Each structure stands twice: as C-alpha cells, then as structure tokens.
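Since the structure of chain R is already known, use the hints to place chain E on it.
Line by line, the protein sequences are chains R and E.
19 is the number of the first residue of the first sequence in this note's numbering; add one for each residue after it.
413 is the number of the first residue of the second sequence in this note's numbering; add one for each residue after it.
Hints may be right or wrong, so weigh each one.
Among the chain E residues that face chain R by a calculated CB cut under 10 Å, a handful are [unchecked claim]:
1. Asp526
2. Asp580
3. Asp588
Just so you know, these hints were derived from the structure itself, not from any lab.
Predicted, not measured: the structure shown is a model, and the values here were computed from it.
Built from N, CA and C at the ideal position, the CB exists for glycine as well.
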Amino acid sequence: MLERVTFAFVLLAIMGTSSSFADKRNTPEVVREFSSPSGEFQLVVTGCKGWLNPRPSAQLFRVAKSGQPRSEVWKIDELPHRLGPWDVLISNEGVVVLVDEWVRTPTPLSLMVIDPVGKIKVVHSIGDIAKFTGNSPTLLIDSAKMGIWQSSKPMVSSDSQSITFFTGDTNFSLSLESGEMSRQDSK
Amino acid sequence: MNMGGPVVRFAFVPLLLAFGLFAGTTKAAIVTILPIQVGNGLGSFGNAGQELFLAETNKIWAQAGLTFNYLPFTSIVSSDFFVLDNQTEVDNLFATAPGASMTPTTISMWFVSDHFDAYGEANGLGGLSSNKIVIADSVFNEGRLDTIAHEVGHLLGLDHDDLGVGVDFLMRSGADRVTPTTIGDIFPDGTGLDRLTASQIFIARADAKVTAVPEPSSFILFASVAGVAFLRRRRML
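Okay, chain R solo, but in the shape it has when bound:
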C-alpha cells in the first residue's frame, strides 16, 4: 500500500514538473499606452505583430480638453529599446522618460529623457547610474525589486520638475529640464 502511495506521489510530481526546457520569451502587449498624471499627454508605444521586429515606434499625443480628439505631438519611428521600454514616465509638461528596455539586461538605455518636442535630451546607462550612485551594477541588479536596478517605485516631484529614483540604498533625482542626475540623501 505504502509503495502504491509513494508511486502515486512520484507520478504526480513528474506530471507537475514542466517537461519544457525552453528559454521563455516574455513579450509586452503590442500596443501600450502611458499617460501623464493630468492625462493631458499620452505616449503610445507600438510594436509589430509577434514582435518579429523588436524595435517599436513611439507617439506622443496631447488631449487639449477632455472628450476632444487627441493630436500627435511627435513620433519616433523606431525606438532603440528592444521590445520597447520597460516603463514610461510622462510629466504634465510633456517630458517623456523611458526607463530600461523590456528585455531584462544591463542596458545602455536605462534612462532616456525626451523633451516635449520629441528631441532626445539625454541617455543614461545602468553603468552611469551605478557610477553616479557609487554602487556597482552588480549590487544594483542584486538588490532590484522593480525592473533590474530600482528598489522601489520612482516619485515625480510636486512641481513636476524632477523624478526621484531609488536604487540599492541610494536615491537620485533626474531633472526633467536638463536630464541631469543629482544625488539625494540616503534612505
């Protein structure tokens, strides 16, 4: 009897184990929309079906008044981010910050600041962030709880002029005007 029970457990364990030895491809939705806190600006990131081309387009729209049709502010035909950005933050002034690539990698595109007319102002790599915060990229990755280097959700300042990012045990602020990073007090 005991042998039968053991056999049944072993069988269940085998059945419960995935027989697939695949390197799973985790793709985002083909169309993703992000909004500014006021809802005035919307960024639409559009990939192709099946992500056969991993580089999507990005369009910023402005909704002048609630209920009215939105108008295109700018468009980038092909973002360098593989499968698009991992996250997007938009200020009420229409400054767009693309955070990381969807592909989980220590990317040279950790922070990309795009001004309200669609000009890329600055790009910071994970190496830049590590150097700026005085940490190693390995430490940032090991302590990440969001994406591959953030330890908690970023916060937009009340005047919408900067975003505070948290990484490892350090904070830093990203100016939406200049795209430059500045140190914050440690947590």
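Same frame as chain R, now just chain E:
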C-alpha cells in the same frame, strides 16, 4: 666502466611513459554542435546571418571548463518547421529530427524563423537522448547572447529551478533572467551575469555529451619530449 648511458636510458623510458600518461589525462572538455538552418522553400532560412554567439557561449561555459566546437552549417527545407506555431510542431521536429547528426554525443541545433513562445527549446534534461535544440530568430533580432548557452545547459542536465539559481544565473528562466547585452557583462566580468553554481558545473561536466580530448599544449609538450628522446637514442646508437 661508464654506467651513465644505460641508466639514463632505462630511467628515460618510464619517465616518458609517465609523462605520456599525464598528457593523456590533462583534457579539455568539448561540446560538439551541428548547426542546421531550416528553410521555408522560398529562399528564407532561420539564422540567415549564421550567427552563433560562440565567444559569448565559450565565455559562459568556461566556468565549467567547457569549449564549444561547431561543425559546418547544414540546412533542411521544411515549411512545417520553419515557423513553430505550437508545442506539437516543436515535438514533431524533435521526433523526426530532419538532418540531425547520427552521433549521439553531437548536439543537433535547428535554427528556425520563429518559436511560438520561446527564444529556444531543448528536448530534454541530460543524457545522450537529450541532444536536440531549436533556436528562433528572435535570439538574433534581440541580441540575446546567452540563449544558446542556456539551452545547452538543459541538454547537460541543468534546470531553471536548480538550487541557488538567481536572476543573474544562466539557467534562470528567460522570463526573468537578466541577460547580457555585451560579452563584458558575462561572468567573471562586468555585472557578472550567466553564472553557474558549483553543483551545476559538476553535473554538466559529467554529462555523456561532454567529450574529453587531450589539451593541445599537453600534446605539444609530449611530442617535444618524445622527439628529444628519439634524438638522444639515435645519438647513443
């Protein structure tokens, strides 16, 4: 009476044999792969650029002392297998294995245009029957440097949930593994990605598909010593 000549001669033969034995036991571990491009019959083939990420794969597996040896590319034409739309098609490819190597220790690697939900897939977890891999073009479109090394890891007996496997380890699932963008981020450099645990290294090296060959440096040294011995003998005679 000079006894030096015979003594040296008698001492030299066992010394040479011992060194030959040493050279024979100093081995590099090799994994051999047959790359097979799958065509659709309309002129398109998987992995059109014949990229193999060999330097990256070798750097990752250097942790286990393994080196990869690719045989020349071959190709098959199959509209069924050009795009793998579901698991049944993947399983059929592994079952029928068109163009596969007849040598069980050689890994057959099919390059297809697309796989329905993965960058690549292996047909098993260690042992001689686990010697087949499919790799999709998304690996090359997205510059996924470690997928080939990851799938070979499965064939060498390693799994996603092996003890101690974090997000910066090679065998972590593709869904949440942190993958390198450059070779400089592969362990032991940069961000130290694609690590292997000590037990994974032990398991992988013990797999039957890992073949050992004497290291070239040992061979050259042995040949040199044998050559010197031969010349000395000629002079003595």
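Hints not upheld, ascending by number:
No hint contradicted; all consistent.
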